[in-house]
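This is what each chain is made of:
Protein chains: 2
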Amino acid sequence: MNGLVTIQDIYHASNIIAGKVHRTSMHSCETIGKLYKIDLYFKMELFQKTGSFKPRGVLNKLNALSTEEKNRGVVSLSAGNHAQALSWGASRENIRSTIFMPALSDKSKIKATESYGGRVMLTDGNLLEECLAFAEQENLTVLHPFDDLEVIAGQGTVGLEIVEDLDDFDTVVVSVGGGGLISGVATAIKNLKPNVRIIGVEPLGSNVITRSLEADKPITMDDRNTIADGLNAPFAGVHTLKHIQTYVDEMVNVSEEEIIIAIGLIMERVKVVPEPAASAALAAIQSGRLKTKPGEKVVVVLCGGNISLENLKRFI
Amino acid sequence: MNGLVTIQDIYHASNIIAGKVHRTSMHSCETIGKLYKIDLYFKMELFQKTGSFKPRGVLNKLNALSTEEKNRGVVSLSAGNHAQALSWGASRENIRSTIFMPALSDKSKIKATESYGGRVMLTDGNLLEECLAFAEQENLTVLHPFDDLEVIAGQGTVGLEIVEDLDDFDTVVVSVGGGGLISGVATAIKNLKPNVRIIGVEPLGSNVITRSLEADKPITMDDRNTIADGLNAPFAGVHTLKHIQTYVDEMVNVSEEEIIIAIGLIMERVKVVPEPAASAALAAIQSGRLKTKPGEKVVVVLCGGNISLENLKRFI
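In the order they appear, the protein sequences are chains X and V.
So for the first sequence, numbering that gives the first Met the number 0 puts the first residue at 0; every next one is plus one.
So for the second sequence, numbering that gives the first Met the number 0 puts the first residue at 0; every next one is plus one.
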């Protein structure tokens, strides 16, 4: 026991969530691949239930709760994608859910979260502190949005599916917020294909994992600024940092302008709508910040597509 | 021989194009379905090679040409999607292609057509007349963009795939320009599932098929106005009109505003980028112009996703 999720944990998660979430597809994209002389594939996690990869971890975590924990109801915190996934997943499993969201969250995300049946609590204060205080007061089961071994194992099923869909590949590029997705994906892929490079991508304006790696401990970052709300985590996780230190080869930071250019490129060429958090992964390639070799077989995970038309129109 | 494509023709086309084009996926969409109390599916033809369904008909037609016809090179006319598909398909089969396009075509479509290897001829004049004159002068093989039995049979493979992917369904909604796609789809589905309703959708401002059905003969429509360039056909085909008269249950006309609302709905909820021609099919449902029963299982064909970011930004 080294505190890391195992490949067996991820296979187990895959069985738990099978049939409850979408088995998302992989699309090749010759036109963008040609631009950068690579063999490019997109893992279409933006077609996942609730519009992002998050339901995978949520369902695996909910399944691991005791009946008593389930009966008390669950509470968590999120600016958007985890909120929607938890509200949806908890309703699906007949568990009451409460989610603390920033008062300034995208209105469409608040509305979507409520529409799945969960209770939304808006706050201008410290999300984590308020969530924990409320949990104690109401005797609720707290779910961490990313720093949890069952959540990481659930997100790892994205990595399993990539390995199932492609015989061989060189590099996987994953956007990083709190690090739950990349922790799971890297664990799955490094255990099955040790030679594959795993690249994490953060916005320059919100790069708490890059900074935590430099500090060699999870840090908190207060002064953050990015349009990629899905990557705007204020702190690194203890578990996620450990998985990233163990399995991720390189972190790349991209600018806001690069994220916006990648949104347009994906919309015009791939015909899908990525949220900024998703386009950040392609931005690492498009900007040249991630070095690739001619012919390199690269998988970019498009992790979510939750963006309001108004915001999209402002960006493109 | 009644002049109609047969189901055997469509099976044959399916064998011809297999492995050359994408076998596109079907996505269910509960969130939009709930809005209209239907069980809603999208056939994702916007993920097809070159960004629309057109390569299916093109490849089937090119395969049917004699060696002598292939060697002379082919010529056709199109404002966009057929142009790209022919340029791509002809290059793939090592056939020289020339495509007459309106001088005012979307620049990205002209550029894409050239990028696939075909020669583009821009004109302000009558596309068909100039194309035919040039074909005679240069001794080229003329390909009709839609009014051709091999083209119709090729587009019909979309219908075969819908029948393969869904055990049963009630209604299929298809956008209509010159009518090639709906002719093929309706032929496939009515032969395999005679009780399924086939609905065609045209813009109110460019509805040459609706008018030709009323006139009981193919007419030409000069005064057309729609943002759905893919549906802006100036004339109905002899073959397409006959197939539509035989197999299509109802034509619905939608406004430009309804097409635009449907674009936004598809982008926010389905996370894909439809061109206006594709969103028109959903607009028929969203506008209430197409009547549906609660629980009706409806397939909407998203026929293409070729739209520049500038145009998209103007519309949403």
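One should not assume that every hint holds.
Since copy identity is lost for identical chains, a pair holds within one copy or between any two.
Cross-link-like lysine to aspartate or glutamate pairs, in silico, EDC-like; alpha carbons within 20 Å at most [unchecked claim]:
1. K312 / D221
2. K312 / E163
3. K241 / E92
4. K110 / E29
5. K19 / D38
6. K312 / E256
7. K19 / E29
Simulated from the structure, these hints should not be mistaken for laboratory data.
Going through the hints against the structure:
1. For the identical chains of this complex, K312 and D221 are neighbours neither inside a copy (28 Å) nor across copies (34 Å), given an alpha-carbon limit of 20 Å.
2. Taking the shortest Cα distances, K312 and E163 never come within 20 Å of each other, neither inside one copy (36 Å) nor across copies (37 Å).
3. Taking identical chains as interchangeable, the C-alpha atoms of K241 and E92 are never at most 20 Å apart, the minima being 30 Å within one chain and 52 Å between chains.
4. For a Cα distance limit of 20 Å, the shortest separation of K110 from E29 across copies, 16 Å, qualifies, whereas the shortest one inside one copy, 37 Å, does not.
5. Within a single copy, K19 and D38 get their C-alpha atoms only as close as 31 Å, which misses the 20 Å cut-off; across copies the closest is 18 Å, which meets it.
6. Proximity of K312 and E256 under a CA criterion of 20 Å is satisfied in both settings, with 15 Å inside one chain copy and 18 Å between copies.
7. For a Cα distance limit of 20 Å, the shortest separation of K19 from E29 across copies, 14 Å, qualifies, whereas the shortest one inside one copy, 32 Å, does not.
Comparing the model with each numbered hint stated earlier shows that hints 1, 2 and 3 do not hold.
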